[in-house]
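Undergrad: Work the whole structure out from these sequences, hints included.
Protein chains in written order, with the numbering used here: chain A, 1 to 799; chain B, 1001 to 1495.
It is worth saying that the hints were derived from the structure and are not from the lab. Hints may contain errors.
As the list claims (entries may be wrong) - Okay, the calculated bits of chain B under chain A, using three or more residues with CB under 8 Å as the criterion:
| id | stretch |
| --- | --- |
| 1 | 1037–1051 |
| 2 | 1083–1097 |
| 3 | 1372–1386 |
| 4 | 1458–1469 |
Note that beta-carbon positions come from the ideal geometry of N, C-alpha and C, so glycine has one too.
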Amino acid sequence: MRKLIASSANTQLPSAQIAGKSHKHESADRQVSGQARYVDDMPEPANFHHAAVGLSQVSSGIITSVDLSAVRSSEGVIDVITVEDVPGHIDIGPVFKGDPVLAHKEILFNGQPIFAVLATSVNLARQAALKAKIIIDASAACLTIADAKAQDNYVRPPHFIRQGDFATHYQQSQHQVSGELIIGGQEHLYLEGQVSLAIPEEQDRMLVYTSSQHPSEVQKLIAEVLGIKLHKVVVDMRRMGGGFGGKETQAAQWACLAALLASRNKVAVKLRLPRMQDMQATGKRHPFENRYTVGFDKLGVIQATHVEINGNCGHSPDLSDAIVDRAMFHCDNTYYLADCYIEGHRCRTNQVSHTAYRGFGGPQGMIVAEAMLDAIARKLREDPLTVRLRNLYDDKQRNTTPYGMVIEHNLTKDILDKLTTSSDYWARREAITQFNATSPIIKKGLALTPVKFGISFTAQHLNQAGALLHVYTDGSMQINHGGTEMGQGLHTKIGQIVANEFGVPLSWIEVTSTRTDKVPNTSPTAASSGTDLNGKAAQNACITIKQRLAELYAQQFNADPTTVEFAGQQVNCGDNSIAFVDLIQQAYFARISLSATGFYKTPKIYYDRTTGKGRPFFYFAYGASCSEVSIDTLTGEYKVDRVDILHDVGTSINPAIDIGQIEGGFIQGMGWLTSEELLWDKQGKLISNNPATYKIPAIGDTPAIFNVALYPRANDEDSIYHSKAVGEPPFMLANSVWCALKDAISSITDYQLDPQLPVPATPEKVFWAVQQAMDYRVKTAERHFESAERQVESAEQKA
Amino acid sequence: MLRFLLNDKLIEFSPTQADLTVLNYLREDKQLCGSKEGCASGDCGACTVVLAEVSETTGNNKPAKLHYRAINSCITFMSALQGKQLISVEHLAKGDKLHPVQQSMVDHHGSQCGFCTPGFIMSMFALYHQDIDVNRPVVEHALSGNLCRCTGYRPIIDATLHACANKKNKQIDHFSHNEQQTIEQLQSLTINENDDSHLLTPTNRSSLAAAIKAYPTAPLFAGSTDLALQVTQQLKQFERLISLSNVTELKQLKVQDHGLMIGAALPLSDIEASLLQYFPTLSELFSRFASHPVRNQASLGGNVANASPIGDMPPVLLALNATIELDNGHTRRSVKANEFFLDYRKTAMQQGEWIEGIFLPFLKNNSHLQAYKVSKRMEDDISAVCAVFNLELNNNKVVSLSCGFGGVAATPVSIDLDTLLKAHNWSDAATFELGKTLLSQSFQPIDDVRASKEYRQAMLVSLWRRFWLQTNSHSQIIATRVVQIPTLNVEADHA
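TA: Below, the structure is given as structure tokens:
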């Protein structure tokens, strides 16, 4: 008989709630000591080689000849492949077609991979890749949204959302204002670049280690390019060195190429992109160019709104349909747009195919709402916060979004009120106005903006998750689920949920690497959904095993199994109590399965694209931020001096991790709005292609005063422990930085002008907006002077 | 043969590949994969390691100490390790017990994805061993070369302050505990430059001249922070390289009667204290020169020899009327800074010559020196425009006015404001306008990834205006900066 490990029933820990506590990240100790292993750190398997890719140097054209002889004869080269060598599918588009694994006849963007080379070292592979002679019959590239629209060049058909009668109510509005906003994209700049390691196993089987937010899709695409069935491929994903959406679809190509080379040559293959290639060859946040036309009354209350949203999708659809949809779903933010018409266009350009990035189009939509509210406020000479408050969704009327979803449990007003108080907004507004009156060079700005972000994948089928729980005979457990760990603390929260369910210490729970052979057909870890979906799935697995244990224990006392409780490493039933470990061992001997799966699907959600109506979101996450900035009008340089944030995460499962997401999301959003500028040259080549030319926030950009608080209220919907998703919503808290910069510039005109400030608002862009404000001031002064002169003249004439 | 300690192991290493980086050595040769490659260009800091070396203690009786400095291992060639202890993240914890900086990072939730974390830990560790008062600006300075994409930095700042700021809390770690033993080991690691290495490490003027004579096409380098980019970014291969880091004559810092003589191969962080003592207004520009780990490697000589139009120090040298001291082993000569930069990355240096030092004449008592840099980001960014003005006044009349600019032409450049404005009353608006006109007409800057030509043109005027405002004694005191760069503490034994 199998001898079991002695139980340790008398080493009881105090029965503290494990969920709800700021436990450290499950990998923290290994991360700080350099032991946390990323794909590039894995011990080398036997028979191990390295791959590199050769990229197109032109943006558009037809490939007329590919001469790879010099690549093949380069030192250390083992194999070279082009699209002709792909045995299975060549298109790895995630939803729609359009993404060949290697260029197929046509060149679609500058930086597109044309071939892959396998060599005995990384350096030799990369050296060899430089030696290709490729002739491309270049054609005129479509590089801007304007060009795409002029050419009717779209990756997907447009989508429209309508509420009421925009045209009539716009005509009837007392005031009208319209504007245009140029919004730049954003490079993910995950610190760990794209990497995959493919190890061929018996016959045609393949094991792949990858840094991906979507292992199931990587598995599927590898199987497809190899022309085998999915069950021959296992994808293992322990952790990513950052994802942010950039490894949702963009990781697959490198895994497929590694697997192709591994399969052909029967050797282990690692493909890791050098940073510059990573930045050239992988998709980014979509640049947008959006327009609004809004009618409002004398109080600034919106009567009618037209928003035109144009996403630069790059060369293929990728996820752009859902991304432009999400931009449309968020161009209202927390404001009732009244009678409105929202159109969303998916423009095709010869750029890399733009892709998921934290917020998924939401930020590019929401910023239009804030631009619109600023414009209304300046037109009426009101404080922007006053006008924002007047336009919030109501509780009873004016509470339906343009897409027909009734907003329940709206927290915006309360969050704004509390933050207005805690940030001392009105007193600081007064102090800043006074400061600006006496400071000719440095101007301060202040803004307080809300966030309302819809939680759920807008593709309904993705809102499902699975988990697999094993309980071992010493009481320790392994939990596996479909979500991936990219630093956001998902595994920590899942561990806490499992420990909490069983009332055992967190150290008893091991969250194992995400593997397609443990939980199948998973959704990407995206849309902030990781904990909502996988946490519930894990909880359901726990409940299954708890039920088995409860029945076993309750029957010993003829008690009702529903009265059995799990807490403090004990299992209690009425007055009876047993150590958890002892009950597990009883269960083993009683031949009760100690392994279970769990499954979850999000309730209530639906969306009809033909009518543009539905409930695409299970719930909304709310927040607000208040930012104060100083700008230097001589140069456009600026500093974010103080930030106050109040954010809604429902009941926090781990406050430290949630605050980490809020702060990190805010700073990343601030980077998008300020210093992170993607630039392409006139031929369509990315020139901000490394961290020396593309500037994400550095340590000195963190505001000196940075107050972050959680809004204490449980999610009204039945989410895991009534928590709320936190990955994406805080990104848009940074909108207050952009609005504060505009506020500082507007002060030059005595708050009369709504300055045009593109995103990102680099010092140069701020400088030009300052010049615009100064010109306005001069012209206004001239007008005043002229009208004063005319008054004098007419007075003289009268006299 | 290079001799160094890798953590606590003595390594004798004959580089067969001259351009091997320390990062690849650690990850590929030693399977120490804690240090990460994030960019291979010294911009992200994920590869940060610490070099400990025995501090110079010339002229006093202080005991020898170890000086710890963080560097970017991805752009450092192996010669940098000679005679030093290379400390990687794997060596900090003792068994299961984390080092105080590691424990603090855990306690403050400072790691999320964890990929940048080892680099931060190493920068924190180097700061832990600095004998200075640590406050937030010091933390930001010490971690200015480390990028984190997840946290927004707040918990990392808190973790560093907690571990490093309170001296009383500081525990003696195993490095301090073994300090004397390590010093003895390091002092025994003399250089052996007689073997046929591909990575030459001459130690004096004559052996340097001999090395250049033997390998006239082998590039010279000191910190390698620029040269290594050609290897890691352009995949260039160097058969043979000559390191200047051990050449005694190039590592002198002398305070002379009329100025500072700065050895060309000294790391910038070693000249910081003296430079800022005599030129305190360079504090901001200096602290924004690349990043802390880059300044721990990069040299003034390298910055000058590269002659990049966007280098941070050449405009300073132009404005200070510095001279570049050249040598070829036989003849020394001095070239004025404004005659040194000939064309895009082309200098007055001749084949066989190297820069021995840079001479910076002291400022006059009534001089005003200001150095301005405009970039997208404060930390670790390259100038869109750099402008340095050096004004001498007598009774508010201009006695002399020299200047230097970066980012506005193919080379670092100067213009003759001096002739135009000499004897003018400095506070007259007309003086400002005269200078403004000349500045607006003198350059044809270009559009690039950092700025448009129009912005650069406008900045020349704006920075001139700022200088005029800041130096105008009887104008009202008005705020002209959004940032205040504090004068940083520099460790005493490097002063």
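Undergrad: All hints, please: hold or fail.
TA: Verification of the supplied hints:
1. 1037–1051: Coverage by chain A holds for the stretch 1037–1051 of chain B (8 residues, Cβ < 8 Å).
2. 1083–1097: holds (count 5)
3. 1372–1386: Per the Cβ count (10), the hint holds.
4. 1458–1469: holds (count 7)
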